[in-house]
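Asker: The listed protein sequences derive, respectively, from chains A and B. The first sequence begins at 17 in the working numbering and counts up by one. The second sequence begins at 6 in the working numbering and counts up by one.
Hints listed in this document are in silico derivations from the structure and should not be mistaken for laboratory results. Take these hints with a grain of salt, some might be off.
[What the hints assert, rightly or not] Using C-beta positions, here's what the derived DEER-type ranges look like: (1) A:Asn276 to B:Gly306: 42 to 48 Å; (2) B:Ala291 to A:Gly152: 29 to 35 Å; (3) B:Arg333 to A:Ala167: 21 to 27 Å; (4) A:Gly152 to B:Thr309: 30 to 36 Å; (5) A:Ala167 to B:Thr106: 37 to 43 Å; (6) A:Thr151 to B:Ala120: 42 to 48 Å; (7) A:Ala275 to B:Gly237: 30 to 36 Å; (8) A:Asn224 to B:Ala291: 43 to 49 Å; (9) A:Thr287 to B:Ala265: 48 to 54 Å.
Glycine residues also receive a C-beta, built at the ideal position from the N, C-alpha and C atoms.
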Amino acid sequence: MQLLKRDIDPETPLAVSTPDELMRPGTRREFVRQMAAGGTVIMLPGVFAGCATVPLVAPGGLAFDLRSDVGILRLVHTLEQLEAAFYTAVVASANFATFFTSAERELFTDLRNVEIVHREFLRTALGSAAVPDVTGSINGATLAAILSSRANILGAAKLFEHLGVAGLNGAGKYLQDARNLLLAGKFVSVEARHAAALRDVAPGAGQNANTAFAGDDITDSNGMDVKLEAGAVLDRVASTNIVSNGAVSSRNITHAPTANQGRPSADFFPTTP
Amino acid sequence: MTTMNQPMLDSVDPEIMDRLVTRRDAIRHGASVSSTVAAGLAMGSVPVVIAALSRDAFAQTPSAVLDVLQFAFILESLENEFYRAVLGTSAVAAQNAAFATVRAQIPASAREVFAQIQKHEQQHTDFLRSTAIPLFGGTAPRLDANDFDFTGGNGSGNGPFLQATTRLDHLLLVAQAVEDTGVRAYKGQAGRLLINGDDRADVALESALRIHSVEARHAAKIRRIRRSLNLGDTSLRFSGYVRGGGVAAAGAGNISNPPAGAVAALGLIYGGEDNTVHTVFNGSAAADIDAATLSGMEVIGDATARRDAAMMAFDEPLTKEQVIAIVRGFIRDDAARGLP
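With the rest of the complex left out, here is chain A (with noise of 0.2 Å):
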């Protein structure tokens, strides 16, 4: 097929609802002559719902298998190597000792530090299969403006640690090893101390700061921790824009756990955790 550069309007995005939608030749002929003019093409939500048996994994993104624990552990290992790689730039940044009080600077350095055990411990165990190094596709800009403000590095490390206790609360299910599972308990009550203690510094708005570790937004009428699943998670470190579009979403999801490893239950998560 020949392109036709007076046919493209690159500055007008393409909004695709439904997966059907790709399948229209209308849509399918603007959606390639857009990526081919450099275009922005919006994946509305419906897309992703119906995507189980249409990966539409983006070049150069990741891609996650989820019917084994290998490909479960790739997801926190991608997880991991953000949490690591955004906590080494907030310690080695150039306003963190003005930032930060010397106690919660060693919060912050015990969060690096810890993170980065996990990722290495990750990288080992998955050997072949780990998650290639993901800082090359961390979007510059948004991290510079995260750690421009006191605030903006608690706001995304709190979302961090929290997406990581809920993503491994709700991924456990899934698991066919139990020292698997071992591990990621190991892993997730690590997280849920992260989360406490960054709540503890920074209560959310209106938040009551000697409950907030554990407030009511993040407990439900159970007493339970937030949960999400996988699709969830990533679709929530997409939304930070913190890694270049496309490298992680729920569109890197190839196959969804199987009905034998579990179901999906309902997430409980807030808006701003």
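Add chain B to chain A, keeping to what the hints say.
Answerer: Just chain B now, with coordinates in the frame of chain A:
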């Protein structure tokens, strides 16, 4: 792009061979086998049979799940009644009276913390009693505040943690130890809740995981309170992590004149938390990996700093027997009611 992962059924864990011998004997003697095994036998497919057997050999049962839930109910009740006594809201007047002295020392901020934690423990016991345990056809053990001795004295009211009733630093230490015991207990039992594709077991497992991480939040917050009262004690991390193992990991240096019995109990509660070697099953083999000596961790600092980080990075489990050894002194003996 990424490597294709091997489905777990393609591989067999070499560690199961001992169990397989037993299982083979069971099959030979006519024991029932799962449909997957039967299908594999019918097909004459050795790999399918072995893979399915490997899964069966590790499979949990609904009765194991119920046992875990009832055990969790006892621990949650202990926690709940402890905080009710501390806050003065126990249904048993003597429990409230026992903590009257220390209650007067609790700052308003810490009282709010205790109240929030107690609310969660009540919610956990309610969920276990009313939802999770009945889901498996069981009933929760009958328990009330009279069944507990929060001094750890096995009913004497004069156990190694008696000073928690009169001194805030001891009280905070006990609260932290109780929470961390809960974290370790749930972690140790998670594998017994794993029945893939069983919706009831999934409810039990996911609920346990979500309760487990809330207990970790509690423990971290109490650690932070203790550190704020003793800024120089860097064994109590502002991050809320457990660093090191045994009594040192408790931050027991934070309290004055701990009784020998308390030190011994803390040694059990935090025993093994300094472990840095963890097992992962990668689909074809189990590997033990030492997190303290990995490459790529130079930015953390020297070998000591890396080991400290590795100890903090993983919380460790306790077996049911280890947990019972810890909590036995806090619970009146009554095997007839399932109490240790």
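Asker: Indicate, hint by hint, whether the structure satisfies it.
Answerer: Outcome of the hint check:
no.: 1; hint: A:Asn276 to B:Gly306: 42 to 48 Å; verdict: holds, 45 Å
no.: 2; hint: B:Ala291 to A:Gly152: 29 to 35 Å; verdict: holds, 32 Å
no.: 3; hint: B:Arg333 to A:Ala167: 21 to 27 Å; verdict: violated, 48 Å
no.: 4; hint: A:Gly152 to B:Thr309: 30 to 36 Å; verdict: holds, 32 Å
no.: 5; hint: A:Ala167 to B:Thr106: 37 to 43 Å; verdict: holds, 42 Å
no.: 6; hint: A:Thr151 to B:Ala120: 42 to 48 Å; verdict: holds, 43 Å
no.: 7; hint: A:Ala275 to B:Gly237: 30 to 36 Å; verdict: violated, 55 Å
no.: 8; hint: A:Asn224 to B:Ala291: 43 to 49 Å; verdict: holds, 45 Å
no.: 9; hint: A:Thr287 to B:Ala265: 48 to 54 Å; verdict: holds, 51 Å
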